[in-house]
Amino acid sequence: MVVLIPLAKIAIAISILLFIVTYLVYFERKISAWIQDRIGPNRVGPYGLLQSPADVLKLFFKEDIVPSAATKFVHSLAPVISLTVAMSTYAVIPFGPDIEIFGQKVRLIVADVDVGILFILAFASIGVYGLTLSGWASNNKYSLLGGLRSSAQMISYELSMGISVVGVLILAGSLRIYDIINSQQGWMWNAFIQPIGFITFVVAAFAETNRLPFDLPEAEPELVGGYHTEYSSLKFAMFFLAEYANMIIASCLITTLYLGGWHLPFIDSATLSYGLMPLISVMIFVAKVLFLLFFFIWVRWSIPRFRYDQLMNLGWKVMLPLSLLNLMWVALLVYFFKI
Amino acid sequence: MNIEIVAFAILATIGIASAILLVLQKNPVYSALLLILHFMALAGLYLLLNAQFIAVLQILVYAGAIMVLFVFVIMLLNLQNEQALVDNFNIRKIVSFILGVVLFLQFAVFFLVKAKNDIDIKKSPDSIDAGSIQNIGEALFTTYLIPFEIASFLLLVAIIGSIFLAKRKIE
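Just so you know, the sequences run in chain order A and B. Quick note on the working numbering: the first sequence kicks off at 1 and runs consecutively. Quick note on the working numbering: the second sequence kicks off at 340 and runs consecutively.
No lab work stands behind these hints: they were computed from the structure. A portion of the hints provided could be inaccurate.
Here chain A is said to cover these stretches of chain B; the calculated rule only asks that three of the stretch's residues, wherever they fall, bring their Cβ under 8 Å from a Cβ of chain A [what the hints assert, rightly or not]:
#1 399-411
#2 479-485
FRET-style restraints, in silico, Cβ to Cβ [claimed, not checked]:
#3 B:Gln473 to A:Met283: 33 to 43 Å
#4 B:Ala358 to A:Val44: 49 to 59 Å
#5 B:Ser491 to A:Asp309: 22 to 32 Å
#6 A:Met328 to B:Tyr483: 50 to 60 Å
#7 B:Leu479 to A:Asp179: 41 to 51 Å
#8 A:Trp34 to B:Leu363: 54 to 64 Å
#9 B:Ala497 to A:Val80: 29 to 39 Å
#10 A:Leu49 to B:Ala497: 52 to 62 Å
#11 B:Gly439 to A:Phe336: 37 to 47 Å
#12 B:Ala497 to A:Glu222: 29 to 39 Å
#13 B:Glu488 to A:Asp309: 30 to 40 Å
#14 A:Asp309 to B:Ile437: 46 to 56 Å
We put the beta carbon where it would ideally sit given N, CA and C, even for glycine.
Sequences and hints are given; from them, build the entire structure.
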C-alpha cells in the first residue's frame with residue numbers, strides 16, 4: 001500500500017498530462033483559427049477531434065533524421081532532457097485538498113516536499129539545457145543561435161521570476177505549496193495583494209516557456225525553426241510535448257501561487273457535505289488552469305514577437321526593478337499590517 | 340543492506356566517475372556536461388544528509404545558472420578540442436606532482452588514521468532538522484549575520500568590477 005499509492009499517483013498524473021497535451025494542441029489550433037476567422041482542423045473525426053491523435057501517430061512513423069555533422073549522443077540526449085525535466089516538475093504540484101479513499105488519507109500530490117517551490121524553480125532552470133544542447137549538437141548555425149538565445153533568455157527571466165516568488169513566500173511563511181495555497185483563502189489571493197508581482201511572474205512564465213511574444217529561440221521567420229531545426233520524428237515530438245507540458249506547469253504554478261489554488265471566495269464559506277467539497281475544489285483548480293491555458297494561447301495569437309534587444313531590455317531594466325519593488329511592497333505590508 | 344548506504348554508493352560513484360571523466364575529456368562541452376552531472380550527484384548526497392534546501396540550491400545556482408553561463412560561453416566561442424600538451428617535463432611540473440602526492444597522503448592519513456573513530460558518528464535527532472530552511476535562515480540572520488552581509492557586499496563589488504571592465508573594453 002505504501003508503494004502502491006505513489007505509483008498510482010504517478011501513473012494518473014502522467015496519463016492526464018499526456019491527454020491534456022494532445023488536446024491542448026487541438027485547442028490551440030481551433031482557438032487560433034477562431035482568432036484569425038478561419039475554421040481550423042475539421043476533417044479527422046467529428047469537429048476534427050481526432051486530428052491530434054492522428055498527428056501523434058504520424059510523428060511515430062516519420063523517419064528520424066540525424067544530420068551527419070551532428071554530435072550524435074548529445075543530439076539524442078537534448079530532447080530527453082527537455083521532456084524529463086518538464087514531466088518531473090508535476091511531482092510537487094497539488095491538484096486539490098486531502099481526500100479519503102478506503103479510509104486512507106490521500107494527498108492529491110505525488111511528492112509533498114519541504115522545498116516544493118524551489119524544486120520547481122531548480123528543475124525549470126535545468127530544462128534550458130535541452131534547448132541549448134540541441135542547438136549546439138545539431139551543428140547548424142540557426143540551431144546554435146536558437147540555443148544561445150534560449151540560455152540568455154532563461155537566465156534573464158529566471159531572476160525576476162525568483163524574486164517575484166519571494167513575495168509570495170513572505171506572505172505564506174513557507175516553501176511548501178500546500179501552505180502557500182492555504183494562505184490564500186477567501187479574497188486573500190496573491191494576485192490582489194501583490195498585483196505587480198503577479199504581472200512580473202506571468203510575464204516571466206511566458207518567457208520561461210518560450211511562448212510568443214518570447215519565442216525567440218525558435219523564431220521561425222529568422223531562424224528557420226531555431227533549436228529544433230534539425231529534429232524530426234519522435235525527437236521533435238518530445239520537444240513539442242515538453243513545450244506544452246511546460247505551459248501546463250506554468251498555468252498550475254500561476255494558479256497555486258497567485259490565484260488561490262482551489263480556493264474561491266464564496267465556495268470557501270459555503271457549508272457543503274464533506275464528500276462534495278474535494279470534488280468541487282479539484283474542479284475549481286482545473287477551471288483556473290484551463291483559463292490560464294486559454295490565456296497563453298490567446299496571447300500567442302494576439303501579440304507579435306519581441307526583438308532580441310527589446311527582450312533583454314525588458315528583462316533587465318523593467319522586470320527586475322518591478323519585481324524588487326513588489327518585494328519591498330510585500331515586506332512593508334507584512335511589517336505594518338501584519339497580514 | 341541499508342537503502343541509504345546503497346544510495347550513497349551510487350551517488351558517490353557517479354560523482355567520482357564524472358569528476359575524473361571531466362578532467363580527461365578533450366571536448367569542453369562534454370566537460371561542462373560532466374560537471375553538471377557531478378553537481379547533480381552532489382545534490383543527491385546533500386539530500387541524504389537531510390539538507391533539502393542546500394541540495395535544491397546546489398541545482399538551482401550551480402547546475403541551473405552558473406553552468407548555463409559556462410555552456411553559453413563555450414558554445415559562443417566555438418572552442419575546438421583541446422590539444423595535447425606537448426611541453427616536456429620541467430621543474431614546475433615535478434614540484435607540482437610532488438605537492439599533489441603530499442596533499443593526497445595528508446588526506447589519506449587524516450581520514451584513515453586520525454579521524455577513523457569519528458567517522459561513524461550516529462545521527463542525533465537535532466541533525467535531521469539542521470538542514471531545514473528555518474534553521475539555515477535563523478543561522479544566517481543571527482549567528483552569521485556579519486559574514487553573510489560581507490559576502491553579499493563582496494559579490495556586489497565583484498559585479499560592479501566586472502561591469503567596469505566590460506565597459507572599458509568597448510570604449
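When the structure is checked against the list of hints, which entries are broken? Sort them ascending. 2, 6, 7, 11
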